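Number of protein chains: 2
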Amino acid sequence: MTRLERDLSNMLSFFKALSDESRLKIVGILASGDRSVEELASLLELRAPTVSHHLSRLKKTGLVHMSTEGNTHIYRLNVESLRTLSKQILSVEKLSADDLVDSEAWEKKVMNDFFEDSRLKVIPASRKKREVILRFLAEQFDRKQKYSEKEVNQIIGRYHEDFATLRRELVGASLMKRKAGEYWRVK
Amino acid sequence: MTRLERDLSNMLSFFKALSDESRLKIVGILASGDRSVEELASLLELRAPTVSHHLSRLKKTGLVHMSTEGNTHIYRLNVESLRTLSKQILSVEKLSADDLVDSEAWEKKVMNDFFEDSRLKVIPASRKKREVILRFLAEQFDRKQKYSEKEVNQIIGRYHEDFATLRRELVGASLMKRKAGEYWRVK
DNA sequence: TCGCTATTTAGATAGATATCTATTTAGACT
DNA sequence: AGTCTAAATAGATATCTATCTAAATAGCGA
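Just so you know, the sequences run in chain order X and U. If you read the first sequence in the numbering used here, its first letter stands for residue 1, the second for the next number, and so on. If you read the second sequence in the numbering used here, its first letter stands for residue 1, the second for the next number, and so on.
Hints listed in this document are in silico derivations from the structure and should not be mistaken for laboratory results. Since the model is a prediction, treat every value here as computed from it, not as a measurement. It cannot be assumed that every hint is accurate.
[To be verified] If you want the footprint, here are the derived chain X segments under chain U, 3+ residues with CB under 8 Å:
{"hint": "1", "segment": "1 to 12"}
{"hint": "2", "segment": "88 to 95"}
{"hint": "3", "segment": "117 to 127"}
Using N, Cα and C, we set each Cβ at its ideal position, and we do this for glycine too.
Sequences are here, hints too, so could you generate the full structure?
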């Protein structure tokens, strides 16, 4: 299991733990002091086994701790875990990285849908799909080299007859630049 | 609906929205840029209707926004909402206030279980319950007055014959203080 | 206007889970 | 040992929901 997968399932169990009204109230109540199971049950107007079930769920995620006092079990909030969660939320972005989802699935799909025998069947109407095609075309150019318009047309022409439109789109999408009749790849 | 109830159900819907693996991934993916429904579907290996369902749930809680581009719908993350949530988590304590739970239910229950005809049946063994009883007894004393031990015994004696134990417990629990044979109520 | 594309809605199904009652476990007091 | 008390576990049930397929909607281009 990668670090990211751990982060995801860790965060997920936090959210699952807090995505229930009774448990959210329990956390709120415990924030103002330790409580026994029976105490929570009467505050929440629930049966003790129900509360016990919720507490064991909260305990499993580390949101609460338990201590023993005779045969009563005293639960207390783990404030630190809330702080950790609060921070984690601000770094949700990191969850999208490559090993959580197949980040090339979209490109592969679009390429597969629009190419046949190494030729572009049609230029996609939607921007999102056109972008995939344009990125592919841009990759056919060497970053270190400059190309004349004729050369650009020729390379794009391998994939589609309307090289002029595609050439303009490449420039429009800032994947290529043009100056004084010369083209070069950007990024 | 009170402010607290609104806060609770608001927070709850946030947590519910994020307590699903697919939705958490969607949020993660959107953090790195806008995406169409189809794009998300292929990244997550889910059907478009499923993704659409998740997005509408996220949209309802304000976690994402939608814009239209031809007939493709582009979704983007509302980063501000994550920041808000992150802050709210640190103030969960406020959820325990009086109008969310009946904060006296516990005291009432204990008093009811242990009193009969205005007399304490037995001294509860568990600390949590004894505390309720002791708080009640402390309330029988006037904060502005000092009492001799005899007077203290007499007042406690109205409720239970073992006034000596209860008197000592009151001092031990810091609900009363004693000095030079005089007692007074604290807090 | 017709057909194509992207999304949403409707409806069905399988799996998860919050709650309850009844039972079991375990500690404390006599 | 036996009784009482507090909590946990087991098992049942009813509700919720993530996912799918099929159908409906809506924009766009020919």
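With a C-beta cutoff of 8 Å, work out whether three or more residues of the segment 88 to 95 of chain X approach chain U closely enough for the coverage to hold. holds (count 6)
Tell me whether the statement that chain U covers the segment 117 to 127 of chain X is true, taking a Cβ distance below 8 Å and needing three residues at minimum. Three-residue rule met by the segment 117 to 127 of chain X, so holds; n is 3.
8 Å C-beta test of the segment 1 to 12 of chain X against chain U, three or more residues: holds (count 3)
The structure agrees with every numbered hint stated previously.
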